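First residue of the sequence shown: -4, per the working numbering; consecutive thereafter.
One or more hints might be untrue.
Claimed, not checked - Okay, derived cross-link-like pairs now, SDA-like style, lysine to any residue, Cα gap no bigger than 25 Å in a straight line:
(1) Lys154 / Glu138
(2) Lys81 / Gln100
(3) Lys141 / Leu130
(4) Lys85 / Gln100
(5) Lys89 / Ser103
(6) Lys119 / Glu105
(7) Lys88 / Gln107
Worth flagging that the hints you see were computed from the coordinates, not collected in a lab. Computed from a predicted model, the values in this text were never measured in an experiment.
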Amino acid sequence: MEEEVEKKAGRSEAPKAPPEPENGAEEKIVISAPSKKVAFAADKEIIDTVEKVSGDQTERDAVLAQVEAEKRLALIRAWEESEKSKAESKAHKKLGFTGSWENTQIASVEAQIKQIEEEIEKKKAEEAEKMKKKLVEIQKEAEVKKVTIEAKRREDIIKVQEAAAKFRATGYMPRNLLRCFSS
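Between the sequences and the hints, there should be enough to build the whole structure, so can you do that?
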């Protein structure tokens, strides 16, 4: 059966096994880009290599299965990296939007705070002006009361002096004084 496969493939000699690596590790074929052209070219090269590697069907199938598995893993890794980069860019974009939203909100609140502070300062100045006017009015009213009290004191003193002069002239004793001494 091997002879028939060799005749169909156009080979007359038995294929040679590829040289094994010195450190005993297996060689892996890694497909870096999942491009169709590159994948097809790599598939042809792999198939050619596999046909050269062995004429035994089971060994050939094992190598093909290994190549398929490596190819699948490479495609999965490429997909994984692509999805990770998409997620990173999406998160970066959302962080940018969140940062700009935060900055606008902070600026808005700071503007409101400044406006409120200005209003408070304006009210404070108005209230201070009202209090100063009130102080002036209180001082004027106190002056009027002081003047009125002083005038009343002078009148009372004059009345007392006139009454004392009258009592001296007539010789009478004041009744208020007698009330204090009478029991």
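Structure-based check of each hint:
Straight-line distance between C-alpha atoms of Lys154 and Glu138 comes to about 24 Å, which keeps the hinted pair within the 25 Å bound. For the hint linking Lys81 to Gln100, the alpha-carbon distance of about 28 Å lies beyond 25 Å, and the restraint is violated. A distance of roughly 16 Å separates the Cα atoms of Lys141 and Leu130; the hinted pair therefore holds under the 25 Å criterion. Between Lys85 and Gln100 the CA atoms are separated by roughly 22 Å; this keeps the pair inside 25 Å, and the hint holds.
The straight-line distance between the Cα atoms of Lys89 and Ser103 is roughly 21 Å, inside the 25 Å bound, and the hint therefore holds. Taking the CA atoms of Lys119 and Glu105, the gap is about 21 Å. The hint holds against a cut of 25 Å. Restraint check: the Cα-Cα separation between Lys88 and Gln107 comes to about 29 Å, which exceeds 25 Å; the hinted pair is violated.
Consistency note: the structure conflicts with the earlier hints numbered 2 and 7.
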